[in-house]
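Engineer: Kindly produce the complete structure, drawing on both the sequences and the hints.
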Amino acid sequence: MTFEPRIVGFLCNWCSYAGADLAGVSRISYPPNIRIIRLMCSGRLDPVIILETLAGGADGVIVMGCHPGDCHYVEGNLQAERKIRMLKKLIARTGLEPERLRLEWVSASEGGRFAELVKDFTSQLKKLGQSPLAEEKPDTKILAGVLAAKATAADFRLRVLVGKEKGLIEDANVYGEKVPEEELDKTMEEAIDAEYLRNRIYLMTKDEPLSVKELSKRLDLDPKAVLRHIVVMRRRGLVAIDRVEGTTPFYTALKVE
Amino acid sequence: MERAEEETPRIGVFVCHCGINIGGVVNVPKVVEYAKTLPNVVYAEDNLYTCSSEGLSKIKEGIGKYNLNRVVVASCTPRTHEPLFRATCEETGVNKYLFEMANIREHCSWAHMHEPEKATEKAKDIIRIAVAKARLIQPQKEPEIDVTPSALVIGGGVAGMTAALSLAEQGFRVHIIEKEPELGGTLRHLHKLYPTMQDASDALNQIIKAVESNKNIEVSTSTTIKEVKGFIGNFEATVQKVNGEAANLRVGTIIVATGADIFEPIGMYGYKEYGNVITQLQLEQLLKDGQLKKWERVIMIQCVGSREEKGRTYCSRICCMTALKNAVLIKELLPDTDVYILFRDLQTYGGRYEDYHRMAQDRGIKFIKYLQEKPPTVVSAENGKLTVNVYHALLGEQVTISGDLVVLSTPLTQHENAKELSQFLKVPLGSDGFFFEAHVKLRPIDFATDGIFVCGTAHSPKDTAESVSQALGVASRAAIPMAVKRLRTEAITAMVNENLCSGCGTCVKLCPYGAIEKDAKGVARVTEVMCKGCGVCGASCPEKAISMRHFTDEQVTAQALAALGRLTA
Numbered sequence: 000m001t002f003e004p005r006i007v008g009f010l011c012n013w014c015s016y017a018g019a020d021l022a023g024v025s026r027i028s029y030p031p032n033i034r035i036i037r038l039m040c041s042g043r044l045d046p047v048i049i050l051e052t053l054a055g056g057a058d059g060v061i062v063m064g065c066h067p068g069d070c071h072y073v074e075g076n077l078q079a080e081r082k083i084r085m086l087k088k089l090i091a092r093t094g095l096e097p098e099r100l101r102l103e104w105v106s107a108s109e110g111g112r113f114a115e116l117v118k119d120f121t122s123q124l125k126k127l128g129q130s131p132l133a134e135e136k137p138d139t140k141i142l143a144g145v146l147a148a149k150a151t152a153a154d155f156r157l158r159v160l161v162g163k164e165k166g167l168i169e170d171a172n173v174y175g176e177k178v179p180e181e182e183l184d185k186t187m188e189e190a191i192d193a194e195y196l197r198n199r200i201y202l203m204t205k206d207e208p209l210s211v212k213e214l215s216k217r218l219d220l221d222p223k224a225v226l227r228h229i230v231v232m233r234r235r236g237l238v239a240i241d242r243v244e245g246t247t248p249f250y251t252a253l254k255v256e
Numbered sequence: 000m001e002r003a004e005e006e007t008p009r010i011g012v013f014v015c016h017c018g019i020n021i022g023g024v025v026n027v028p029k030v031v032e033y034a035k036t037l038p039n040v041v042y043a044e045d046n047l048y049t050c051s052s053e054g055l056s057k058i059k060e061g062i063g064k065y066n067l068n069r070v071v072v073a074s075c076t077p078r079t080h081e082p083l084f085r086a087t088c089e090e091t092g093v094n095k096y097l098f099e100m101a102n103i104r105e106h107c108s109w110a111h112m113h114e115p116e117k118a119t120e121k122a123k124d125i126i127r128i129a130v131a132k133a134r135l136i137q138p139q140k141e142p143e144i145d146v147t148p149s150a151l152v153i154g155g156g157v158a159g160m161t162a163a164l165s166l167a168e169q170g171f172r173v174h175i176i177e178k179e180p181e182l183g184g185t186l187r188h189l190h191k192l193y194p195t196m197q198d199a200s201d202a203l204n205q206i207i208k209a210v211e212s213n214k215n216i217e218v219s220t221s222t223t224i225k226e227v228k229g230f231i232g233n234f235e236a237t238v239q240k241v242n243g244e245a246a247n248l249r250v251g252t253i254i255v256a257t258g259a260d261i262f263e264p265i266g267m268y269g270y271k272e273y274g275n276v277i278t279q280l281q282l283e284q285l286l287k288d289g290q291l292k293k294w295e296r297v298i299m300i301q302c303v304g305s306r307e308e309k310g311r312t313y314c315s316r317i318c319c320m321t322a323l324k325n326a327v328l329i330k331e332l333l334p335d336t337d338v339y340i341l342f343r344d345l346q347t348y349g350g351r352y353e354d355y356h357r358m359a360q361d362r363g364i365k366f367i368k369y370l371q372e373k374p375p376t377v378v379s380a381e382n383g384k385l386t387v388n389v390y391h392a393l394l395g396e397q398v399t400i401s402g403d404l405v406v407l408s409t410p411l412t413q414h415e416n417a418k419e420l421s422q423f424l425k426v427p428l429g430s431d432g433f434f435f436e437a438h439v440k441l442r443p444i445d446f447a448t449d450g451i452f453v454c455g456t457a458h459s460p461k462d463t464a465e466s467v468s469q470a471l472g473v474a475s476r477a478a479i480p481m482a483v484k485r486l487r488t489e490a491i492t493a494m495v496n497e498n499l500c501s502g503c504g505t506c507v508k509l510c511p512y513g514a515i516e517k518d519a520k521g522v523a524r525v526t527e528v529m530c531k532g533c534g535v536c537g538a539s540c541p542e543k544a545i546s547m548r549h550f551t552d553e554q555v556t557a558q559a560l561a562a563l564g565r566l567t568a
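As given, the protein sequences belong to chains A and B, one line each in that order. Sequential numbering of the first sequence, starting at 0, is according to numbering that gives the first Met the number 0. Sequential numbering of the second sequence, starting at 0, is according to numbering that gives the first Met the number 0.
Quick caveat, the hints were computed from the structure, so don't treat them as lab data. Positions of the beta carbon are idealized from the N, C-alpha and C atoms, including for glycine. Please note that a few of the clues may not be correct.
Derived lysine to aspartate or glutamate pairs resembling DMTMM-like cross-links, with alpha carbons at most 20 Å apart [as the list claims (entries may be wrong)]:
hint: 1; chain 1: B; residue 1: K95; chain 2: B; residue 2: E114
hint: 2; chain 1: B; residue 1: K418; chain 2: A; residue 2: D170
hint: 3; chain 1: B; residue 1: K543; chain 2: A; residue 2: D154
hint: 4; chain 1: B; residue 1: K418; chain 2: A; residue 2: D154
hint: 5; chain 1: B; residue 1: K543; chain 2: A; residue 2: E213
hint: 6; chain 1: A; residue 1: K125; chain 2: B; residue 2: E235
hint: 7; chain 1: B; residue 1: K517; chain 2: B; residue 2: E114
hint: 8; chain 1: B; residue 1: K425; chain 2: A; residue 2: E169
hint: 9; chain 1: A; residue 1: K165; chain 2: A; residue 2: D69
Pairwise CB distance ranges (calculated) [to be verified]:
hint: 10; chain 1: A; residue 1: P222; chain 2: B; residue 2: N416; range: 58 to 64 Å
hint: 11; chain 1: B; residue 1: P443; chain 2: A; residue 2: K177; range: 27 to 33 Å
hint: 12; chain 1: A; residue 1: K185; chain 2: B; residue 2: E516; range: 29 to 35 Å
hint: 13; chain 1: B; residue 1: D431; chain 2: A; residue 2: G166; range: 18 to 24 Å
hint: 14; chain 1: A; residue 1: D138; chain 2: B; residue 2: E235; range: 34 to 40 Å
hint: 15; chain 1: B; residue 1: E114; chain 2: A; residue 2: F155; range: 25 to 31 Å
hint: 16; chain 1: A; residue 1: D138; chain 2: B; residue 2: E6; range: 48 to 54 Å
hint: 17; chain 1: B; residue 1: E6; chain 2: A; residue 2: F155; range: 52 to 58 Å
hint: 18; chain 1: A; residue 1: F155; chain 2: B; residue 2: P38; range: 33 to 39 Å
hint: 19; chain 1: B; residue 1: S430; chain 2: A; residue 2: D206; range: 47 to 53 Å
hint: 20; chain 1: B; residue 1: A568; chain 2: A; residue 2: G128; range: 29 to 35 Å
hint: 21; chain 1: A; residue 1: R26; chain 2: B; residue 2: E116; range: 14 to 20 Å
hint: 22; chain 1: B; residue 1: N416; chain 2: A; residue 2: L218; range: 52 to 58 Å
hint: 23; chain 1: A; residue 1: T1; chain 2: B; residue 2: P443; range: 47 to 53 Å
Structural biologist: Now the structure itself:
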């Protein structure tokens with residue numbers, strides 16, 4: 000039997016869901032691989048939910064919203080775009096293919112476009128193959144990565160950066176300075192890197208106390224960099240020393256409220 | 000209704016054949032059997048047409064017989080039939096938000112009619128997703144609000160006055176706030192109106208007289224807005240006169256009719272450098288005052304400061320007709336005067352304006368097309384004349400025209416203080432600076448915020464007839480909530496968990512409706528009647544302190560996992 004990708008589609012009520020309706024009304028056929036979940040706005044979709052869906056074994060997730068300028072809620076779709084842009088960067092670090100997540104604009108009159116997109120995404124996923132998390136025994140390394148990504152997407156720092164992105168670029172910060180887009184992109188990349196690694200460390204040390212050396216081996220990361228993260232995490236009350244063997248401290252994750 | 004909250008969900012699933020629309024593709028009996036196996040589903044049946052009166056009574060029967068507290072109908076799109084099924088639930092004492100729909104027609108049988116087996120499997124999945132949500136949904140209440148039957152019209156130009164008159168004639172109280180010392184707006188500075196050539200002052204005086212004699216209208220001139228609070232039905236505006244005197248107005252609706260400025264082309268084509276380079280607005284004044292001179296030649300230049308590569312990229316819509324009208328007026332008064340119009344594209348849209356264009360050509364007005372990349376230049380010549388050099392796009396060569404007067408056609412632009420007003424009202428401005436409507440095609444005079452409307456040139460450049468049409472439109476839009484008097488608002492709104500909120504303000508900035516504020520405790524507070532339930536705040540909240548009624552994270556996640564076959568009892 001050929002591989003049939005399982006796609007979860009999150010569609011906004013006003014444009015894309017109506018576009019999918021129109022595809023049906025017009026009897027345009029497309030592969031039956033998509034399962035549609037209706038939201039009021041694509042901007043409502045929390046990045047955590049997308050990662051949960053991917054961790055749950057979806058071969059692909061497609062988010063559809065109104066075309067820019069057509070959003071029923073002014074610009075919820077642009078907020079969705081910011082979130083997905085961040086998410087793709089985050090997913091790329093986990094070992095899962097970021098192409099498994101797509102964002103597309105579909106209007107209420109674009110039944111044909113909706114069908115084409117489902118067709119295209121299905122064949123793209125067929126080429127990509129089954130998600131390593133969809134198998135009976137999911138790839139543990141990638142799953143650990145996606146779970147760390149999920150924790151990262153739930154954390155304050157990235158959410159605040161994404162949430163304030165528009166304001167920082169278009170208006171100004173409290174000091175009246177506008178932040179250039181490139182600069183914000185750089186900050187975002189750095190934040191994604193740091194927070195993702197910290198969540199990896201947190202989840203690893205939750206399972207068992209680990210030394211910097213062991214962490215650096217498992218993360219394939221310079222021990223100095225690992226130590227820097229540990230310092231930050233200790234300050235935030237996320238990890239503490241479990242025990243010292245010889246001169247090597249072992250760190251363990253603390254429970255966070 | 001509260002009882003459902005405490006009870007274990009008892010879900011009834013009604014699968015519709017829709018004649019052969021679903022039943023001809025999807026194996027409905029098989030799907031019904033599958034539905035019965037899902038957690039919390041206590042009853043499932045199939046109907047030929049669930050939306051028929053027979054089908055609806057089957058739902059009511061099922062609710063009574065099996066003590067259902069959640070209903071799932073697997074049929075067509077919720078976009079058309081959800082209200083009907085919700086009403087049926089409500090009639091039987093089940094809160095309408097305890098209903099969930101599974102779209103197995105538009106999204107399944109119609110799209111996969113050539114793959115019946117796969118369609119049947121997909122229909123099962125769609126029902127599983129709906130059941131996953133139905134298990135978690137809660138009853139919701141739609142808040143009701145009273146509407147104050149009075150309107151605030153900001154701006155006393157032709158648009159604002161027309162809207163005010165229409166509302167006053169429908170019996171509503173109207174306050175007009177005008178920042179200038181007198182009513183009239185831009186029309187006060189114009190000579191004649193195209194294409195009828197009626198005196199602008201005649202048209203204006205009629206309206207002003209009607210406004211001033213209408214008992215339902217209160218006019219405040221030399222007055223500006225200082226603050227606006229509240230929401231549809233219950234706005235509170237603070238207004239202030241130039242002398243500092245302030246007043247509070249309680250109104251149900253607000254109309255933005257603040258008009259536009261006319262761009263002053265300083266530094267362009269010798270404007271302000273040579274006395275005989277003027278704008279169309281200045282020419283209107285000369286025509287009004289009867290101060291035309293025996294000019295040998297008048298040269299008009301179009302698109303001065305509009306349709307630019309960057310900045311004012313828009314077409315100002317009125318300048319072509321304004322130039323034609325003033326050219327014809329000059330020709331009528333001074334038949335020997337040559338009038339040239341240098342244009343990029345002459346946009347005399349529609350039947351009447353195109354006829355006017357032809358008439359102008361017949362009167363001997365001369366047209367030269369220039370290119371944006373080779374704009375005309377104006378230099379001063381001897382004896383007070385001006386020399387205009389222009390690349391004639393049709394001849395393909397440079398031509399030189401000497402004239403006594405150069406008239407620049409400049410665009411309408413947004414007022415400087417529009418930004419402040421947009422912040423007071425929490426309504427957006429577009430990239431061109433003009434007020435931005437809720438939907439360009441379907442809601443062209445509403446703002447996304449309920450109860451606030453826009454008309455006239457505050458919205459975009461337009462002529463008097465178009466402004467008046469929009470003004471009559473907004474009057475009718477604003478009258479609806481005031482006539483209804485009581486409104487039900489959205490139940491799907493945002494909820495803040497105060498214990499989790501850190502007061503970072505991300506949601507306050509993101510909310511397109513200004514529905515979230517920080518309260519005295521420094522935590523986010525949602526004004527429910529202003530919230531439209533888009534959920535952007537919740538999906539962005541750094542502390543995950545905001546959840547959306549009827550679309551909670553838990554519900555959406557459960558649906559996503561159910562789509563992957565994961566639905567556990």
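Engineer: Compare the structure with each hint and give your call.
Structural biologist: Hints versus structure:
1. A threshold of 20 Å between alpha carbons decides the hint, and for B:K95 with B:E114 the separation of about 34 Å lies outside it, so the pair is violated.
2. Distance hint between B:K418 and A:D170 is fulfilled; the C-alpha atoms sit about 12 Å from each other, no more than 20 Å.
3. For the suggested pair B:K543 and A:D154, the alpha carbons sit about 9 Å apart, so the restraint of at most 20 Å is met.
4. For the given pair, B:K418 sits about 34 Å from A:D154 by alpha-carbon distance, which is inconsistent with the 20 Å threshold.
5. With a C-alpha separation of about 33 Å, the suggested pair B:K543 and A:E213 falls outside the 20 Å cut-off, and the hint is violated.
6. Annotation: proposed proximity of A:K125 to B:E235 is violated, straight-line Cα distance about 58 Å (limit 20 Å).
7. Restraint check for B:K517 and B:E114: not satisfied, since their Cα atoms lie roughly 54 Å apart, outside the 20 Å limit.
8. Of the pairs offered as hints, the one joining B:K425 and A:E169 holds, with about 16 Å between alpha carbons and a cut-off of 20 Å not exceeded.
9. Under the criterion of a C-alpha separation no larger than 20 Å, the hint pairing A:K165 with A:D69 is consistent with the structure, at around 18 Å.
10. One distance hint, 58 to 64 Å for the beta-carbon pair A:P222 and B:N416, holds here, with the actual separation near 59 Å.
11. Evaluation of the 27 to 33 Å hint for B:P443 and A:K177 yields a pass: the beta carbon distance comes to about 32 Å.
12. Distance hint check for A:K185 and B:E516: the Cβ-Cβ separation is about 33 Å, which falls inside the suggested range of 29 to 35 Å.
13. Restraint check, B:D431 to A:G166: a C-beta distance of roughly 21 Å satisfies the suggested window 18 to 24 Å.
14. In this structure the hint that A:D138 and B:E235 lie 34 to 40 Å apart at CB is violated, the actual value being about 59 Å.
15. For B:E114 paired with A:F155, a C-beta distance near 46 Å fails the hint of 25 to 31 Å.
16. Remark: the range hint 48 to 54 Å for A:D138 to B:E6 is contradicted by a beta-carbon distance near 41 Å.
17. Between B:E6 and A:F155 the CB atoms are about 37 Å apart, so this pair departs from the stated range of 52 to 58 Å.
18. Between A:F155 and B:P38 the beta carbon distance is about 35 Å. The supplied range of 33 to 39 Å therefore holds.
19. One distance hint, 47 to 53 Å for the beta-carbon pair B:S430 and A:D206, holds here, with the actual separation near 51 Å.
20. For B:A568 paired with A:G128, a C-beta distance near 32 Å keeps the hint of 29 to 35 Å intact.
21. Checked against the hint of 14 to 20 Å, the C-beta distance between A:R26 and B:E116 comes to roughly 18 Å, which is consistent with it.
22. For B:N416 paired with A:L218, a C-beta distance near 55 Å keeps the hint of 52 to 58 Å intact.
23. Evaluation of the 47 to 53 Å hint for A:T1 and B:P443 yields a pass: the beta carbon distance comes to about 49 Å.
The structure does not agree with the numbered hints 1, 4, 5, 6, 7, 14, 15, 16, 17 stated previously, though it agrees with the rest.
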